[in-house]
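Undergrad: Build out the structure end to end from the sequences listed, making use of the hints.
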Amino acid sequence: MKKIILSMVFVFASFTMINANTSIEKVKSSKLKVEIIMQTCEEEALDIGAAADFAGYSDEAIFKLMNVGYALCMGYSYDDILM
Amino acid sequence: MKKILFYLLLVFGLTNINSQNKDIYGIVYYKYKPNYNQLNKDTIEIKKHVKDFFKKINKFSDDVQFKLEFLNRVSVFKIDEKMENDFNSNSTAFVQSIVSNGSYYCDLENDIQYRRIEEAGNKLLIQSRPSEIKWLLTGETKVINNFKCYKAISKLINVNNSGVHKFTIIAWYTPEIPVSFGPKQYNGLPGLILELKDTHNTFFANKIELFPKEKIRIKPFKGDTISEKNYKKKLRRMMKGVFIQNKN
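Just so you know, the sequences run in chain order A and B.
All residue numbers for the first sequence refer to the numbering used here, where the first residue is 1 and numbers rise by one.
All residue numbers for the second sequence refer to the numbering used here, where the first residue is 1 and numbers rise by one.
Honestly, the hints are just simulated from the structure, not real lab data.
Hints are not guaranteed to be accurate.
No more than 30 Å apart at the CA atoms, straight line, and that leaves these computed lysine-lysine pairs for DSS-like [unchecked claim]: (1) K56/B / K33/A; (2) K222/B / K64/A; (3) K64/A / K155/B; (4) K232/B / K64/A; (5) K229/B / K64/A; (6) K59/B / K64/A; (7) K22/B / K148/B; (8) K47/B / K232/B; (9) K64/A / K234/B; (10) K22/B / K64/A; (11) K51/B / K33/A.
Chain A is faced by these chain B residues, among others (derived, beta-carbon under 10 Å) [to be verified]: (12) F53; (13) K155; (14) N158.
Chain B is faced by these chain A residues, among others (derived, beta-carbon under 10 Å) [to be verified]: (15) I48; (16) F54; (17) S58; (18) D59; (19) L72; (20) C73.
Idealized CB from N, CA, C, for every residue including glycine.
TA: Here it is in structure tokens:
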């Protein structure tokens with residue numbers, strides 16, 4: 001009986017340790033994904049700004065277009081950005 | 001003789017009072033469409049995601065309209081709030097911010113104009129003078145909504161990171177409606193503007209209500225003021241920082 005309990009505890013502990021490692025990996029991978037998204041959105045916003053710049057938009061309009069482009073890329077709504 | 005003089009003065013006085021009570025007021029609704037030159041396709045290669053972005057925001061022109069309210073020599077131009085509903089509340093906020101660059105209050109009598117914007121949650125009034133816009137009146141005419149309209153031209157210059165950009169602003173105004181107002185900051189013509197080709201968008205009057213049942217009341221804008229010149233300087237400094245950071 002004691003052996004059965006001990007082996008169950010051992011299995012349970014091992015399972016928990018494996019899960020903990022996987023959770024850490026998942027957090028690292030999610031953080032990396034967010035960083036990649038942010039970098040991508042920054043580049044997208046700069047592309048929008050460059051196009052608006054060449055088309056002769058005012059600084060004010062370029063600034064707003066870039067903000068909107070970045071925020072939409074990051075998943076925000078227009079209300080979040082502009083209200 | 002004295003009696004004749006008295007009655008003449010009385011008639012003149014009454015006529016004067018009556019004419020002073022004849023306020024000119026009304027509402028004009030404008031729709032808009034992006035211009036062909038919205039993105040300068042001839043000089044740079046436009047990335048697909050940029051084209052998609054502008055295509056998406058241009059669709060807002062279907063949902064949104066602007067309202068110009070005027071009372072004698074004072075007017076307010078802004079987004080038409082009644083158009084706002086759950087479906088297009090996003091588009092009205094965006095269009096007010098990007099297409100019209102805010103709301104406008106114009107007082108032709110005192111030659112004062114304010115453009116109201118939201119900055120960091122506060123209302124900021126950017127001050128300018130309606131008389132700063134110089135119009136060249138031409139004899140060219142066309143009919144818009146059964147009104148004979150005349151063409152007027154002005155110039156606008158935008159200075160940004162890529163250099164100096166000159167735009168020709170074209171307004172079609174009708175002297176048949178003798179109010180000197182139009183969309184955004186474009187006022188001062190000898191008639192109401194029914195069509196205006198701005199830098200990147202063209203505005204069209206699609207409904208005019210003269211002397212509506214409910215008389216127009218216009219309140220001056222309130223907020224912190226800054227001149228147009230100083231505001232542009234402030235933005236120029238910010239934008240230079242953005243592009244320098246990008247190069248690094």
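Undergrad: Indicate, hint by hint, whether the structure satisfies it.
TA: For each hint, the structure was consulted:
For the proposed pair K56/B and K33/A, the alpha carbon gap of about 26 Å is at most 30 Å, so the pair holds. For the suggested pair K222/B and K64/A, the alpha carbons sit about 23 Å apart, so the restraint of at most 30 Å is met. For a cut-off of 30 Å, the pair hint linking K64/A to K155/B stands: about 24 Å separates their Cα positions. With a CA separation close to 14 Å, the supplied pair K232/B and K64/A stays within the 30 Å bound.
Of the pairs offered as hints, the one joining K229/B and K64/A holds, with about 19 Å between alpha carbons and a cut-off of 30 Å not exceeded. Taking the CA atoms of K59/B and K64/A, the gap is about 18 Å. The hint holds against a cut of 30 Å. A C-alpha spacing of about 24 Å is found between K22/B and K148/B, which places the hinted pair at or below 30 Å, so the restraint holds. With a C-alpha separation of about 28 Å, the suggested pair K47/B and K232/B falls inside the 30 Å cut-off, and the hint holds.
Of the pairs offered as hints, the one joining K64/A and K234/B holds, with about 15 Å between alpha carbons and a cut-off of 30 Å not exceeded. A threshold of 30 Å between alpha carbons decides the hint, and for K22/B with K64/A the separation of about 43 Å lies outside it, so the pair is violated. For the hint pairing K51/B with K33/A, the CA-to-CA distance comes to about 25 Å; that is within 30 Å, so the pair holds. Because the smallest distance between the Cβ of F53/B and any Cβ of chain A comes to about 6 Å, under 10 Å, the interface hint for this residue holds.
With its C-beta approaching chain A no nearer than about 13 Å, K155/B sits outside the 10 Å limit, and its interface hint is violated. The closest approach between the C-beta of N158/B and any C-beta of chain A is roughly 5 Å, which is under the 10 Å cut-off, so the hint is satisfied. Residue-level restraint check for I48/A holds (minimum Cβ-Cβ distance to chain B is 5 Å; threshold 10 Å). Hint on F54/A holds. Least Cβ distance to chain B is approximately 5 Å, under the 10 Å limit.
With 10 Å as the threshold, the beta carbon of S58/A comes within range of chain B, its nearest partner Cβ sitting at about 5 Å, so the hint holds. For D59/A, the suggested interface contact is upheld, since its CB lies about 4 Å from the closest CB of chain B, less than 10 Å. Hint status for L72/A: holds, given a least beta-carbon distance of 8 Å to chain B, under 10 Å. Against a cut-off of 10 Å between C-beta atoms, the interface hint on C73/A holds, since the closest Cβ of chain B lies about 9 Å away.
This entry does not satisfy hints 10, 13, going by the numbered hints stated previously.
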